[in-house]
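> Take a look at the letters that make up each chain.
Number of protein chains: 2
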Amino acid sequence: MQKNSMLRIALAQINSVVGDLQGNFEKIDRHVQAAKASGCHLVAFPELTITGYPPEDLVLRQQFLQDQKEVLYDIVAQIEGIICIVGFVDIDKNRRYNSAAVLQNRTIKAVYHKIHLPNYSVFDEERYFEAGKTPMLFSLNGVKIGLSICEDIWIPDSVIETQVFDGGAEMILNISASPYSIHKSQERLTLMQSRAKKTHSVVAYVNLIGGQDELVFDGQSLIIGPHGNIRHAGIAFEEELIIHDIDVDIVRQSRNDPSFIQNKSSFKAVFPVCQRVTLDDETTPTDPAISTSIKIATLSFEEEIYKALLLGLHDYVHKNNFSQAVFGLSGGIDSALVATLAADALGPENVYGITMPSQYSSQGSVDDSIQLAQNCAINLKTFPIKDVFLQYLELFQETFAEREADVTEENLQARIRGNIVMALSNKFGWLALATGNKSEVSVGYCTIYGDMVGGFAPLKDVTKTMVYRLANYRNYRAGYDLIPQEIIDKAPSAELRPDQKDQDSLPPYDELDELLELYVEKRMSIVDIIAHGYKPETVQKIARLVDFNEYKRRQAAPGIKITPLAFGKDRRMPITCRYQER
Amino acid sequence: MQKNSMLRIALAQINSVVGDLQGNFEKIDRHVQAAKASGCHLVAFPELTITGYPPEDLVLRQQFLQDQKEVLYDIVAQIEGIICIVGFVDIDKNRRYNSAAVLQNRTIKAVYHKIHLPNYSVFDEERYFEAGKTPMLFSLNGVKIGLSICEDIWIPDSVIETQVFDGGAEMILNISASPYSIHKSQERLTLMQSRAKKTHSVVAYVNLIGGQDELVFDGQSLIIGPHGNIRHAGIAFEEELIIHDIDVDIVRQSRNDPSFIQNKSSFKAVFPVCQRVTLDDETTPTDPAISTSIKIATLSFEEEIYKALLLGLHDYVHKNNFSQAVFGLSGGIDSALVATLAADALGPENVYGITMPSQYSSQGSVDDSIQLAQNCAINLKTFPIKDVFLQYLELFQETFAEREADVTEENLQARIRGNIVMALSNKFGWLALATGNKSEVSVGYCTIYGDMVGGFAPLKDVTKTMVYRLANYRNYRAGYDLIPQEIIDKAPSAELRPDQKDQDSLPPYDELDELLELYVEKRMSIVDIIAHGYKPETVQKIARLVDFNEYKRRQAAPGIKITPLAFGKDRRMPITCRYQER
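Heads up: the sequence lines are chains A and B, in that order.
First residue of the first sequence: 1, per the numbering used here; consecutive thereafter.
First residue of the second sequence: 583, per the numbering used here; consecutive thereafter.
Think of the hints as simulated: they come from the structure by calculation, not from any bench.
Using N, Cα and C, we set each Cβ at its ideal position, and we do this for glycine too.
Straight-line Cα separation of at most 25 Å, BS3-like style, residue types lysine-lysine; simulated pairs:
1) A:K133 to B:K850
2) A:K268 to A:K144
3) B:K715 to A:K268
4) A:K386 to B:K968
5) A:K552 to B:K1134
Here are some chain A residues the structure puts well away from chain B; computed CB gaps all over 10 Å:
6) D157
7) S158
8) S194
9) E239
10) S323
11) L496
Just chain A, same shape as in the assembly (with noise of 0.2 Å):
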């Protein structure tokens, strides 16, 4: 290995756990040994590696910040023959950063403060930290490194610029935890690429994955050369640890080229200074040279959203200490879709669908769920609903005589069957699921305390459009019909009274969901959607759904968000509001 231009780096593709903080130093320890072991120079971990990520409030808890802090030395104590850098929360002068940590030698080399704090969407950063304000470059065996925390890397002509232009950085290394949602990979790889090309350099870039609350993060780590050319791309949604041979030539080379030089003469200084560490390393490789082959798994679309669910749903039930899922099978296509992940995320074993058939109920409702819980292997159990129904009628009987039967008795029924689901989650200590998909709780066509009950939502960010693009993908991964087709071919109905369809008072859902996601997603007018050729009275009736019925998701399960804007913290609308836009 030539000295002064190659690099061999590791990016430690993990999945932390917040607020574990003995489980995550195992894991960095595990990930470190195994790098140094390929003979790596250098280790980098996924932004507040040590914390996880978000930590939200906890880091607001000073005890938190010490227990921290003491797991970094104990981290440090490790740190031998390889260089780590892993991310946690520093403390100067009462103030809180969202940091890297630069480890050699048993010691703290440097230590760098995020710059640019994400505050929109689902991030709340300046909550809790200080901007840093001064860029980081280190030099290893005379190879400049820039190194710089997730949103650093997204603002153009700012840290990475001042890294390469000002500071001569060759390899730009990036920590990150950036969110899964649909279309984000390639934005990213986008965004990564057209930043090693501008700046002649390697982007190194490591994701964190895994499911936290709402949140899916997905990995799909990246190595791209100076020419914006992938050297390697990670796998998404699993655990990686990615070595890597970096030969600096090339970036010095391809420096020659008049772009770079025009580049650089035309970037004007943001930073007065930038911090620079000199390191000095002993280590030489003795296995041979990793290969740079480009090994990039493309997922098709809806595998992708399948596996995102997957690793979201199996992370909460884990995380939060439970192993077994407990929901209400209905025989819609929302609770079959909820079975196959389920059972795919948990094992099927681990997994109870519960029939509760009312008086409207069809008996081919029933018998496809049988069918479903035959196919995936899952247990099932039925409890019909009518007798308890007709008590709480009995004790409504005076109460209600002059009233005509209504939403009311709909939502009676979903509420029973909320109540069996959670008296077996009680009695069994399975985690309930809610099984609505974000079209309906969208328009609060779901029963809060009914259907909505549950600790979790697989679907409430999946649109019903989707949920059947799901539901076929995965039968054709099956190579069968894994959920019966009649439960794809039904027309979708809550059957909580006679011959009732969802679509009597929604428009198609393939319409409804290209409305929901000019309006809730894309935040468009009301005005520039009717523009767009659909009819004013649908537009008017379904924003004013979405509206009205924010009550409902205030109280809803948290769930997984795969879209650009999810229901949660993504979207934060007042419940008291009177505006209603025309």
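Place chain B on chain A using the hints.
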């Protein structure tokens, strides 16, 4: 009225509604006309007057931003013969600013952009707004006024000092939306007094009133003289148009004082420039000068909290277009207090208390509820839950056969009660109220989808200890046992199994509430709490319960924040969290 030193100002302490652009316009217009009729030179409204506060993600909708700007123009068109300061969202080069407009003669004379954006506790202003950079001063008939918005006045050595020491402001005018919490009004008064004294200025501070989801704004606007003397203290929790004559000569005289000269000379400039606007005013107040007598209606501690709860409850119900409310009357102290609150806030004829005795309920509980309902003159209905409960047990007979009765059966009864309350809510359009208190919700001593059901939880941030104090206060005010003494005296019990008492599994409530204040509100470490003399096992147990029950609170109804740290957006803890403080 002497020219160049006397100023008649109006502070319009109004109750705006988030998103109610037309309603807010009408309210602003009425107050402008009233101030004008009283010969005021100037009328000032609270922060973000036009949108209501906090508008949250509404301000991310372009159409809303346009619409509120239109309302500003509608207001501008009404302004003649008076200067009006009104809060709105300004947009400049696609950036949003939390702004105050200075209106005169049907013209926008100037716009100020809030400089300090709170992004802690319940506030997310950096999510929505860019920070302004330039303090503003305007002069009116030769009197120099420094205008600022809420947080600007809380930050020392910044906006206010710049306006006075650099800009020569004689009056500090701050428009605010500062939510209520216990002791907050004293804190505000102390702050305003210290600002006035340090800068030898008159401070005029106008604050919002009204309930908005989990926040209640208390008004208590202030006019403070240059020696820190209270010139006027606005009413708490009520709308008020405060009209006050200010003699700026007193300020001018006081500035010969050495302490002013010293404060001014030791102030270091923070901002490179101020925005300065000169307004000519032809108004001469025609009425006799308004008395500057001090008017302070000090509320007792309990009275203040009770009023906060009343306004919060009233506004949540009415601003969401309900007029009636329903909740379970258990015979316990929490639901009794909710009964008096609801009767006082909504009128007793609009309140429905529901007794739902189980086989474990004492006859005393039912009798106490009947007496309470009679005293409060609220409606009472009874639905015994035993038959429905037995029907559920029959359903589970086989499945639960080999299991002991446990919390499952207790929760089931609580959920039957929840279903009954919700069925009445659905059938008759009454808003369901959850009656749980902060102590219970902290440690999870409540049943999700059971007693936690409801659209609003008036006692969500009221500790059990405070529930007793408020009950006694209300009885004292009534002059008799409005809440029967039996209810106050009995040991708290969920009555979900024979002879159940809360204190069987929890420490006494006074001790529990102390622990919760230290652990939750003060974020004190467990080590430090134990050092205060509490038993380590108890502290550990309570901390675990608080941490573990985050999932329940995430699905809880909104309720009124009255403490410095409430559950909800004030405390953003992860559900998935393996941290166990020791």
